[in-house]
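J.: As they're listed, the protein sequences go chains A and B. The first sequence runs 47 to 166 under this note's numbering. The second sequence runs 31 to 594 under this note's numbering.
Worth double-checking, as some hints may not be accurate.
[Stated by the list, open to error] Pulled a few chain B residues facing chain A out of the computed Cβ check, cut under 8 Å: (1) THR358; (2) GLN376; (3) LEU412; (4) LYS416; (5) ASN425; (6) PHE429.
Calculated from the structure, these hints are not laboratory results. Note that the coordinates shown come from a computational prediction; the quantities given were computed from them, not determined experimentally. All residues carry an ideal CB built from backbone N, CA and C; glycine is no exception.
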Amino acid sequence: MTKKIWIVDDDYGILDAVQIVLQQEGYEAEKITNPAGVTTRLENEDHPNLILLDILMSGIDGRDISQALKKNEKTNHIPILIMTANIHAEKRFEESGADGLIKKPFDIDDLIQKVQQFAR
Amino acid sequence: MPKNPNTFSQEMMLFLNTVSKELSSSLDLKITLRKLSKLTVPKMADWFAIELLDGNNELQQLTVNHVNPDKVKWAKELRKKQPPAFTKDNGSARVIITGKSEVYPTVSDEMVRAASKNEEEYQLIKRIGICSVMIVPLVVRGKPFGAMSFIMTEDSGRSYERKDLLLAEEFAYRAAMALENARLYKQAQDEIEERKAAEHRLEISQKAGHIGTYEIDLVNKTVYWSPELERLFGLQPGSFGGTHNAWFEFVHPDDKQQMIQERDRQLAEGDELELEFRIIHPDGTVRWIFSKGRYFRDKNGKPTKTVGINMDITERKRLERQKDEFLTIASHELKTPLTSIKAFVQILQRYFARPEDEDSVTYLSKMDHQVDKLTKLVQDLLDVSKLQTGNLDYNEDVFDFDELVAETVEEMQPITDRHTLIHEGRANIQVLADKFRIAQVLTNFISNAIKYSPDGDKIVVRTKHEKNTVTVSVQDFGIGIPDDKKQFLFQRFYRVMDKKRESFPGLGLGLFISSEIVKRQKGDIWFESSEGKGSTFSFSLPVNLYKDTILSPQSKTARTKTHD
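Construct all of the structure, not just a fragment, from the sequences and the given hints.
T.: This is the structure we're talking about:
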């Protein structure tokens, strides 16, 4: 079955590029430009196999989303891969409670390898 | 002098009583000298002079008095023209040197001629009309420091006898005491003045620099604060309670425990103390304080006293925070477009990865390298800013040292088509360090080796493991470093220029960052270089700190952190 991946970021360039890469790798990759809507969508839709999550997005902090999903019994099984350009990337990752970290800018080979590692 | 011996003795006693009374009434040197003159002239002499030996072994005439003021003027002129030498040829000097008084009841023409250095001096002495002389030393604690000259001139026609020396010496003894007291008094006054001036300077500079000083007596638990320190803590000068507890009450509750722990940690290591903490003023204002001090201990090593300064660093903290926020944003804003450029370049590389599109792949590969370079520049700038504020992140982990070197060499080879990277030696060890940062140092060494050996064709990377150290060195055969430039190499923003004063590209941050990283990982960094022949840059990491982590291949996942 095709694995479903949500890409949550506020930068259209990154959203497009990551979507193309993942689609080429055979994933069903969906761009999410409204990070605040992630939790609502998870209540009503099928859960993705992985969420790629940015931290510093306009008006919203990726750490809050990650923490909320990990606290919720219904969603804490969804793997979250933080992708961030933050200078304190490791610290932010630890605070987020997410499963993995990839620092921007990344090699698409590394991205694919991390996605393969965490998507389930 | 008086002819009747009894009358003389009585007069002498009376005179000495007056001398004692007069001299003890003032500690001022000028007044004492004036009194000595008045007591002497005309009663004991027509002419009176005191000369003291100064620090340069020169005779300074402090006072001179004569019944005839004109004669004083002549004598002063002569002294100005011909300053007396401190030799035995000079009467006062001789008395100071020998410590023995001299008396000349009559002064003959021959004696005047013998004592005169030249005709002018002879004529002047004759004009003054000296007929009898007594010179006595001024002695304190057995050491002569000056001389008093009593002279009779033709003005009165009196002359001294040997017995007059008794009175003169007794007089000189009292005068010496009075002069010494006046000198000590002046010295004490000068010291007080100097101390007052120093205190005033200190107070002004403390106020200007917002620096306060403290002294804490750890035995009696009492605390001294300078007025500026009270101001720093939001108190009126003079209102601080003066106890250890009174001070500790100001420290922000959230910082108290950490401050005590940090203080104890530093005290275990030495006597210097440096702390940063927040305080709360009586009006509720929160301020940041930087404290630097020194501990003093008793013979058992127990701290007894601490002395130091406090500084208000609230503004510095605010700027640091602002800078950190700016860096966070700048990092994000610069890296975000780089991320998508890099991803699209790599997507295109894959897209064109067909035999007929080899050129496109090459061009895209070049673009990819340029994006990497830009990323590295951004990263270097951010790292250097973080190093300044001590915020560089370190993530230590156990890794295979040889693997890291091999991977880095492999990654760097495509950067150059002129040089072959040769990897020699093995460490055969797992180490606990920040793998990413160590790779950053090695990458910096190799990219420098490439950059600074434009005509070279090989770069040798050597790894070795000796005793408790792993060492990597990178040798190039390039331009080398002139001896006079070697000291600057690890400085921030320093860039090498070649003989034509042409600089090489780069921000001059790589080696500075590398040395900071290696130092933080408790390692060493160094280089050897010979101009025109090439350079070898090396760094080593201690493995004894990680001895528990020297792992067998089976236990590779075990992790033990043995230092901060």
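J.: Now tell me if each hint is right for this structure.
T.: Comparing the hints with the structure gives:
1. THR358: This hint holds: THR358/B lies near chain A, its Cβ roughly 6 Å from the closest one there, short of 8 Å.
2. GLN376: holds, 4 Å
3. LEU412: holds, 5 Å
4. LYS416: Interface hint status for LYS416/B: holds (7 Å vs cutoff 8 Å).
5. ASN425: Hint on ASN425/B: holds, closest Cβ of chain A at ~5 Å, below 8 Å.
6. PHE429: Hint violated; PHE429/B Cβ to chain A Cβ min 16 Å, cut 8 Å.
Of the numbered hints stated above, the single one contradicted by the structure is hint 6.
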